[in-house]
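K.L.:
Residues per chain, in single letters:
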Amino acid sequence: DTAVSQTPKYLVTQMGNDKSIKCEQNLGHDTMYWYKQDSKKFLKIMFSYNNKELIINETVPNRFSPKSPDKAHLNLHINSLELGDSAVYFCASSQDSRRFLKTEAFFGQGTRLTVV
Amino acid sequence: GESVGLHLPTLSVQEGDNSIINCAYSNSASDYFIWYKQESGKGPQFIIDIRSNMDKRQGQRVTVLLNKTVKHLSLQIAATQPGDSAVYFCAEISRDDKIIFGKGTRLHILP
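Keeping their order, the protein sequence lines are chains E and A. Just so we're aligned, residue 1 is where the first sequence starts under the numbering used here, counting upward by one. Just so we're aligned, residue 1001 is where the second sequence starts under the numbering used here, counting upward by one.
No lab work stands behind these hints: they were computed from the structure. For clarity, every value in this text was computed on a predicted model and none was experimentally measured. There may be inaccurate statements among the hints.
Here are the simulated DSBU-like cross-link-like pairs (lysine-lysine), alpha carbons at most 35 angstroms apart as the crow flies [what the hints assert, rightly or not]:
hint : chain 1 : residue 1 : chain 2 : residue 2
1    : E       : 41        : E       : 52
2    : E       : 67        : E       : 102
3    : A       : 1056      : E       : 22
4    : A       : 1103      : E       : 67
5    : A       : 1103      : E       : 9
6    : A       : 1056      : E       : 67
7    : E       : 41        : A       : 1103
8    : E       : 9         : E       : 36
9    : E       : 102       : E       : 36
10   : E       : 19        : A       : 1071
11   : E       : 19        : A       : 1068
12   : A       : 1042      : E       : 36
13   : A       : 1068      : E       : 9
14   : E       : 102       : A       : 1071
15   : A       : 1103      : E       : 52
16   : A       : 1056      : E       : 19
17   : A       : 1098      : E       : 71
18   : E       : 44        : A       : 1042
19   : A       : 1068      : E       : 22
20   : A       : 1068      : E       : 67
21   : E       : 22        : A       : 1098
22   : E       : 36        : E       : 19
Residues from chain A that face chain E, not an exhaustive set, calculated with beta carbons under 10 angstroms [unchecked claim]:
hint : residue
23   : 1025
24   : 1029
25   : 1032
26   : 1055
27   : 1057
28   : 1091
29   : 1098
30   : 1103
In this text, a Cβ means the ideal position worked out from N, Cα and C, and glycines have one as well.
One chain only, chain E, in its complex shape:
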């Protein structure tokens, strides 16, 4: 019974393509996040949604667009993929929207995106 699930787990695509990564959480949490982890294992927050509303949008190219159809889903769409987009992308969720980041977050298994 996976709490935060992402699909696909691996994604290999050519430069210039458009791709999406899906994320679903069955924890009943109000807040969901997307993080990027580069080849040096450095983690950085990209977006956060609380109850389908965008509340964090870090300095991320506008080729990246999150979409939250409902509070259990936060998908990440990437247009015109570039080599530098290659990374592992993690979805996460947390329960307490008042405490926001200052609470336990549950992460998915990650999606390894390779742009060739």
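Keeping the supplied structure of chain E fixed, place chain A upon it in accordance with the hints.
P.N.:
This is chain A only, laid out in the frame that chain E set:
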């Protein structure tokens, strides 16, 4: 010692010994800190947190120490087990909800 570039700092510890993983944080306005564990091929997993009004917090086999004077955070793991092998990250969160992760330290358990 630590190295930069492609390789994460690695701490090698004998099974059964205690491990101490260190983290220097950057923002004196950070008021909340988290330690995460990331096993190979998995997402980060919350271990323990601490607020800036505390110096120490204990969990099951883990202790986090916070030294605000020198902006230093440490994670102590008692009686290290093979299942503790992972990369450990600290994260600092500021009062205006900015989160910054540390570089990560790989913990390697020697049999």
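K.L.:
Each hint: holds or not?
P.N.:
Verification of the supplied hints:
Taking the CA atoms of residue 41 of chain E and residue 52 of chain E, the gap is near 28 angstroms; set against the 35 angstroms cutoff, the hint holds. For the proposed pair residue 67 of chain E and residue 102 of chain E, the alpha carbon gap of about 23 angstroms is at most 35 angstroms, so the pair holds. For the proposed pair residue 1056 of chain A and residue 22 of chain E, the alpha carbon gap of about 38 angstroms is over 35 angstroms, so the pair is violated. Pair hint residue 1103 of chain A plus residue 67 of chain E holds up; C-alpha atoms about 29 angstroms apart against a cutoff of 35 angstroms.
At roughly 24 angstroms between alpha-carbon atoms, residue 1103 of chain A and residue 9 of chain E fall within 35 angstroms of each other, so this suggested pair holds. Restraint check for residue 1056 of chain A and residue 67 of chain E: the C-alpha separation of about 39 angstroms exceeds 35 angstroms, so the hint is violated. Restraint check for residue 41 of chain E and residue 1103 of chain A: the C-alpha separation of about 7 angstroms stays at or below 35 angstroms, so the hint holds. The straight-line distance between the Cα atoms of residue 9 of chain E and residue 36 of chain E is roughly 14 angstroms, inside the 35 angstroms bound, and the hint therefore holds.
Pair hint residue 102 of chain E plus residue 36 of chain E holds up; C-alpha atoms about 19 angstroms apart against a cutoff of 35 angstroms. At most 35 angstroms may separate the alpha-carbon atoms for a hinted pair to count; residue 19 of chain E and residue 1071 of chain A exceed this at roughly 40 angstroms. Note on residue 19 of chain E and residue 1068 of chain A: the hinted pairing is violated, with a Cα-Cα distance of about 43 angstroms set against a maximum of 35 angstroms. Simply put, residue 1042 of chain A and residue 36 of chain E have alpha-carbon atoms about 14 angstroms apart, close enough for the 35 angstroms limit, and the pair holds.
Our distance criterion of 35 angstroms between C-alpha atoms is broken by residue 1068 of chain A and residue 9 of chain E, whose separation comes to about 39 angstroms. Between residue 102 of chain E and residue 1071 of chain A the alpha-carbon distance is near 18 angstroms, which keeps this suggested pair within the 35 angstroms criterion. With a C-alpha separation of about 31 angstroms, the suggested pairing of residue 1103 of chain A with residue 52 of chain E holds against the 35 angstroms cut-off. Pair hint residue 1056 of chain A plus residue 19 of chain E does not hold up; C-alpha atoms about 44 angstroms apart against a cutoff of 35 angstroms.
For the given pair, residue 1098 of chain A sits about 22 angstroms from residue 71 of chain E by alpha-carbon distance, which is consistent with the 35 angstroms threshold. A hinted pair counts as satisfied when its Cα atoms are at most 35 angstroms apart, and residue 44 of chain E with residue 1042 of chain A qualifies at roughly 16 angstroms. Under the criterion of a C-alpha separation no larger than 35 angstroms, the hint pairing residue 1068 of chain A with residue 22 of chain E is inconsistent with the structure, at around 39 angstroms. Simply put, residue 1068 of chain A and residue 67 of chain E have alpha-carbon atoms about 38 angstroms apart, too far for the 35 angstroms limit, and the pair is violated.
Distance restraint check for residue 22 of chain E and residue 1098 of chain A: the Cα-Cα separation of roughly 25 angstroms lies within the 35 angstroms cut-off, and the hinted pair is therefore satisfied. Using a Cα cut-off of 35 angstroms, the hinted pair residue 36 of chain E and residue 19 of chain E holds, with the two alpha carbons roughly 15 angstroms apart. A hinted interface residue such as residue 1025 of chain A counts as satisfied when its beta carbon comes closer than 10 angstroms to some beta carbon of chain E; here the least separation is about 14 angstroms, so the hint is violated. Look at residue 1029 of chain A: its Cβ only gets to about 14 angstroms from chain E, farther than 10 angstroms, so that hint breaks.
For residue 1032 of chain A, the interface hint holds, since its Cβ comes within 10 angstroms of a Cβ in chain E; the closest pair sits about 4 angstroms apart. Because the closest C-beta pair between residue 1055 of chain A and chain E is about 18 angstroms apart, greater than 10 angstroms, the hint is violated. A distance limit of 10 angstroms between C-beta atoms decides the matter here; for residue 1057 of chain A the minimum to chain E is near 14 angstroms, and the interface restraint is violated. The beta carbon of residue 1091 of chain A is positioned within 10 angstroms of a beta carbon in chain E (closest approach about 8 angstroms), and the interface hint is therefore held.
Because the beta carbon of residue 1098 of chain A sits about 9 angstroms from the nearest beta carbon in chain E, less than 10 angstroms, this interface hint is met. For residue 1103 of chain A, the interface hint holds, the least distance from its beta-carbon to any beta-carbon of chain E being 7 angstroms, beneath 10 angstroms.
This entry does not satisfy hints 3, 6, 10, 11, 13, 16, 19, 20, 23, 24, 26 and 27, going by the numbered hints stated previously.
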